[in-house]
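Chemist: Using the sequences provided together with the hints, build the complete structure.
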Amino acid sequence: QKEVEQNSGPLSVPEGAIASLNCTYSDRVSQSFFWYRQYSGKSPELIMSIYSNGDKEDGRFTAQLNKASQYVSLLIRDSQPSDSATYLCAASDDYKLSFGAGTTVTVRA
Amino acid sequence: ETGVTQTPRHLVMGMTNKKSLKCEQHLGHNAMYWYKQSAKKPLELMFVYSLEERVENNSVPSRFSPECPNSSHLFLHLHTLQPEDSALYLCASSQRQGTNTGELFFGEGSRLTVL
Numbered sequence: 010q011k012e013v014e015q016n017s018g019p020l021s022v023p024e025g026a027i028a029s030l031n032c033t034y035s036d037r038v039s040q041s042f043f044w045y046r047q048y049s050g051k052s053p054e055l056i057m058s059i060y061s062n063g064d065k066e067d068g069r070f071t072a073q074l075n076k077a078s079q080y081v082s083l084l085i086r087d088s089q090p091s092d093s094a095t096y097l098c099a100a101s102d103d104y105k106l107s108f109g110a111g112t113t114v115t116v117r118a
Numbered sequence: 273e274t275g276v277t278q279t280p281r282h283l284v285m286g287m288t289n290k291k292s293l294k295c296e297q298h299l300g301h302n303a304m305y306w307y308k309q310s311a312k313k314p315l316e317l318m319f320v321y322s323l324e325e326r327v328e329n330n331s332v333p334s335r336f337s338p339e340c341p342n343s344s345h346l347f348l349h350l351h352t353l354q355p356e357d358s359a360l361y362l363c364a365s366s367q368r369q370g371t372n373t374g375e376l377f378f379g380e381g382s383r384l385t386v387l
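Protein chains in written order, with my numbering: chain L, 10 to 118; chain U, 273 to 387.
Incorrect hints may appear among the rest.
[What the hints assert, rightly or not] Residues from chain U shown here face chain L by an in silico Cβ test under 8 Å; the list is partial:
1. Lys312
2. Lys313
3. Pro314
4. Phe336
5. Gly374
6. Gly381
7. Val386
The hints are simulated quantities; they were obtained by calculation from the structure and are not laboratory data.
A virtual CB, placed ideally from N, CA and C, is assigned to each residue, including glycine.
Modeler: Right, here's the structure in full:
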């Protein structure tokens, strides 16, 4: 059974639109949640972390967490071609970090 | 140098070869990790070292042997690998293992091809 699930995509959005990425996790013990961005041929880079229910905004990125529904999302506002990448969702119980397989986003110019 | 550096970036080896992957972190972190990334699959944790002590060995075959001589260096020794071991091997570090475990800094990876 997968611990962290993401829609693999690809998710194609026009430039300037909002990209919405979803992630669900199965382990109720998970307390911390992370979004990593991975450009093709590069390594993952942490872009957002969220620890409590609600929204967390950082520039054009907003992470949303709902622990009751075991659901995490990432919104990318005003999407740019440079946002084209694979986004990895991860959940941690403060000991073990589990990753999803990633959602590939393509922003069309 | 800054961040996490891995060498070599690309490696091709036969099934009978012995090779090693090297990772070095310049962030002053106390925990280091080896991950395996295969196409369309989640990152797989292989090994975790915290303060130079191995704290995780995620049912990895013995043909993979890690070594952590100090908190800045991590090696992955490879021998008698199988073609299915071909993947991107990522080294990562974090300030300390356990707390904020998800805040990892990754190296650029070593792309391994086993013939």
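Chemist: Compare the structure with each hint and give your call.
Modeler: How the hints compare with the structure:
{"no.": "1", "hint": "Lys312", "verdict": "holds, 6 Å"}
{"no.": "2", "hint": "Lys313", "verdict": "holds, 6 Å"}
{"no.": "3", "hint": "Pro314", "verdict": "holds, 4 Å"}
{"no.": "4", "hint": "Phe336", "verdict": "violated, 19 Å"}
{"no.": "5", "hint": "Gly374", "verdict": "holds, 4 Å"}
{"no.": "6", "hint": "Gly381", "verdict": "holds, 5 Å"}
{"no.": "7", "hint": "Val386", "verdict": "violated, 20 Å"}
Consistency note: the structure conflicts with the earlier hints numbered 4, 7.
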